[in-house]
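Residue numbers (the numbering used here), protein chains in the order written: chain B, 423 to 1153; chain G, 19 to 247; chain S, -15 to 63; chain A, -15 to 63.
Treat the hints with caution; some may be incorrect.
What the hints assert, rightly or not - With a straight-line Cα cutoff of 35 Å, these simulated DSBU-like cross-link-like pairs (lysine-lysine) come out: (1) G:K127 <-> A:K(-14); (2) S:K37 <-> A:K24; (3) S:K35 <-> A:K48; (4) G:K91 <-> B:K862.
Derived from the structure by calculation, the hints contain no laboratory data.
As a plain string of letters, each chain reads:
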Amino acid sequence: MTKQYPNDLMGLSHEEYDMAVGIMGRTPNHLELGIFSVMWSEHCSYKSSKKWLKTLPTKAPWVICGPGENAGVIDIGDGQAAIFKMESHNHPSFIEPYQGAATGVGGILRDVFTMGARPVANMNALRFGSPDHPKTRHLVAGVVRGIGGYGNCVGVPTVGGEVNFHPSYNGNILVNAMTVGVARTDKIFYSAAAGIGNSVVYVGSKTGRDGIHGATMASAEFTDDSEEKRPTVQVGDPFTEKLLIEACLELMETDVIVAIQDMGAAGLTSSSFEMASKGGMGIELELDRVPMRETGMTPYELMLSESQERMLMILKPGEEHVAEAIFRKWELDFAIIGRLTDTGRMVLKWNGEVAGDLPIDPLALAAPEYDRPWVPTPPPAPLGDVPAPKDYAAALKTLMSCPDVASRRWIWEQYDHLVMNDTMQRPGGDAAVVRVADMKKALAITTDCTPRYCYADPVQGGRQAVAETWRNLNSVGARPLAITDNMNFGNPQRPEIMGQFVGCIQGMAEACRALDYPVVSGNVSLYNETNGKGILPTPAIGGVGLLDDLDHMATVALKRAGDVLILIGAVENHHGGHLGQSLYLREVLGREEGPPPPVVLAAERRDGDFVREQIRAGRVDTCHDLSDGGLAIAVAEMALGGNLGATIQVPADTPAHAWLFGEDQGRYLLAVPEQAEAAILIDARKADVPAIVIGTVGGNDLTATGYYTISLPELRHAHEDWLPAYMAAPR
Amino acid sequence: MTTAVIVFPGSNRDRDMCLALERATGQKPLRIWHQDTALPKADLLVLPGGFSYGDYLRCGAMAAHSPIMREVKAAAARGVPVLAVCNGFQIATEAGLLPGALITNSGLKFICRNVSLRVETSNSRFTRGYNAGQVVSYPVAHNDGNYVVNADTLKRLEDQDRVAFRYSDDAGVVTPETNLNGSTANIAGVLNEARNVLGMMPHPENATDPQLGRPDGGPLFAAMLEAMA
Amino acid sequence: MKARVHVTLKNGVLDPQGKAIGHALHGMGFAQVGEVRQGKFIELDLAETDKAKAKAQVEEMCKKLLANTVIENYAIELV
Amino acid sequence: MKARVHVTLKNGVLDPQGKAIGHALHGMGFAQVGEVRQGKFIELDLAETDKAKAKAQVEEMCKKLLANTVIENYAIELV
Ligand SMILES: Nc1ncnc2c1ncn2[C@@H]1O[C@H](COP(=O)(O)OP(=O)(O)O)[C@@H](O)[C@H]1O
Ligand SMILES: [Mg+2]
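Just chain B, with the same shape it has in the complex (with noise of 0.2 Å):
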């Protein structure tokens, strides 16, 4: 006997087709299969990452919520806490750059404030096609507009992100955002539904028919027609929010709220599945309550809007009008669309009558769950002999001057990174910090990740962009706490991709627990790919660390003539330093080859811990940890951001530009005043950190004796002028 399947299967595969059938016990009608297909969708479900995702540490005595909510909570002391997460909007901000990028920010923010924090800071980590690419420049411009527009209105500071540029991005760009907000510990809303007959209620914009599966789309590979998929894309209403914001802090001052979630990918479906799941209840709609902004709209249309801007909740009893008073105080829309029943099933009504009755759990729960086969990305061949420069100053502001170093000053000026008065480092240093409200401490916050070091080996590309993270709170004096991630792949049901997703997620798992660090939230972008061409592995990760003291706190900017630098952390073989996949292979001599820098976490977890405590003591105020470039552009960069020279010696015995521009991992560099150096230096013996002194700060050039002198408006100008010649060349 042959099966029938309906021609619109709407992304679901035979076999979940087939799944949905049986949990239904009968034929889904047009609005129950939309509801599956979303609630499947990889997106929603997490089918192929979901049993490797839980290989992640998760837990540490200050974690307060991990993932599975809308955002990760961690204790900060004082009764506070820091939430947090990261979220992708590749997909639309590639159709729709502004659009895309400034709603991906919107989502973020609702996923942070619906659990009861105020919003405080801003993140953005980028990946765009390459520099020559026709439509990369476009790219560039609607993002970095779309997250400033978003972020600038609703008044959160963006402090901070990274971009890299390489062509593997050229058909998939990736737009990650991330916020970080503070809440009250005792103050934290979650999203499981409880109480039966207590009301469904509905705020914030009316719902239209924007994004309609959306969901699928950020689960589907793109093909060249995928430009016609336009009318998913929707519009953000950053006014909007900022008013929704503001009611529901208000709102969280009483004491009415027994759940919350905010509307994100599927809209009204899942927020509503998961809150009805979480808590083990029914839920009855009606859906002709919806606050709608068209006419015409159905059932299924609402079910699965993407409109921007809204929240779910469930209230107590008799205390709506609490609600309903706060919330047209705003001028948004209120709503009872429903009530939460004992029957675990989604019962949808319009007009009356039932257009939808399906079971929750076994849809919410059940979701298919893929071990996807996966093969192990092969070693990288060895790499092959490495010359040096002809001219090494030129290699310096090759460097200095390339897309992925080259200074994002035109980014971040666009970005309102001041707004509520806590931004105590701006961006250009190694984290993002920013003042706790009213108290002497701080959140310090970055975003890292090493793409190529990824793709050449998976399980160290993994290691290295938590253990960048974890650094570059460090670097700045912070305890780091935990990361939140977000998973950038191509197509899952390719072995080679799958094994790079594993890879990296053993990397990162390792590096977690080396270093106490667990992840506390995450997001999976997968089918990043355009016709059978997969991104760079790009598990960014967001990191999160508390400065408990604001006066003992580093930057990068070189401070005083006469300081000493000292680099901490071993380089290979205790000579030489690591050429494989470094930015001066590629960039100086066009080659993308061998093996990344190996993590060695051990010496990570203690290099890092003595130089943060050398922070935290009061010794040290000027810190940058060694990444993309090595330790030549590291010295530059902080000359630059103190506009103060220095002179940097080449140990004799060692082939210079592998010295200078290799990247060894795990790697910092300090200016100390010269009478604290021998106490630093004798500390770090007896913890058994490796120490050398390499040169001195003073002057208007930078220097490494024997190799090359700039002065130091030359090399700003190799910094600063890339990115806004570029941005200003006609498209």
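Once you have looked at the hints, place chains G, S and A with the ligands on chain B.
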């Protein structure tokens, strides 16, 4: 000493302003909702920065029609000092409290950074803590700070010593290159004829906390207080 | 009744948006483009059915809100 | 020759500006106003004198720059 900050839907530097006022006066400012129809007695009214009504249509246009603005205009006419910063400046021009208009930055981009400003006059309750010609550094954060006035109005502003700040370099030299956003004659802040309303795009309130950098805005708040006392 | 309102910058007021568009168009090879000006176009649904009254109302809306008459002109069309 | 281009949001696309304007007009007592939509209005001077050619050029400008065809429609008039 009572200060009052008017809060519009979409205001977002109201909190920053309240902090700066509290630092200066030792007292929490009153926060007045835009729908209110009466003003409490206050020694200083502030229209804060932000994106009232999302900056939709024109920055400040909708907020200028809020019920409370009728009261603010009446108070200003009675001589109550009004400080209007950034979006507040835009609202003040839309409401007719100050001449001119603010349009999109000539570079068409939002700009957030510290800028150097030359203080043009110390003859006001807002700027008398500075010397004319002195250079201060405040942050800016705006997309529409391009101040437009016609030639007659400009002449009047200059003749009456009503230009408060201009965008300059660190040495106080005012040139087209230091003109951040395309403003007529590099104007960053202006006074009304009675000198009790100051509108300005840069944010003095974000330059009062020594932990955050040079607190160059401090003297402005101190001067306002002294004038009120 | 529907009103269509055009709001344009007055002559003599510099138009950064228009200028940037002109610049971009030149960069894209549209050499034949001269001056470019950008304005706003606002469509309103009106319950009013009397044309004269509608016109008067929209006129008032323009003066009070839709245009900033310090720098902008407006033109009203009823359809 | 002059071209006048109207750029408007496609049907069904949220128009936060229009929504806010409508809201503000109500607040000011213009109760008879229904939906409000805001678009752009761009005027271009063209050296081209052939109407068909001018039209084709402006069409291309709209597609490439003036309108965001993902969410906007455009209409061209030559005068
Ligand atoms: N998209 C962005 N938005 C805001 N700031 C950014 C962005 N990209 C980079 N930055 C800032 O530029 C600086 C340099 O970035 P990066 O080279 O990634 O730092 P690091 O190597 O220390 O991780 C950081 O302060 C970072 O926050
Ligand atoms: Mg760093």
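Evaluated hints:
no.	hint	verdict
1	G:K127 <-> A:K(-14)	holds, 28 Å
2	S:K37 <-> A:K24	holds, 26 Å
3	S:K35 <-> A:K48	violated, 39 Å
4	G:K91 <-> B:K862	violated, 40 Å
Hint check: violations occur at hints 3 and 4; the rest are consistent with the structure.
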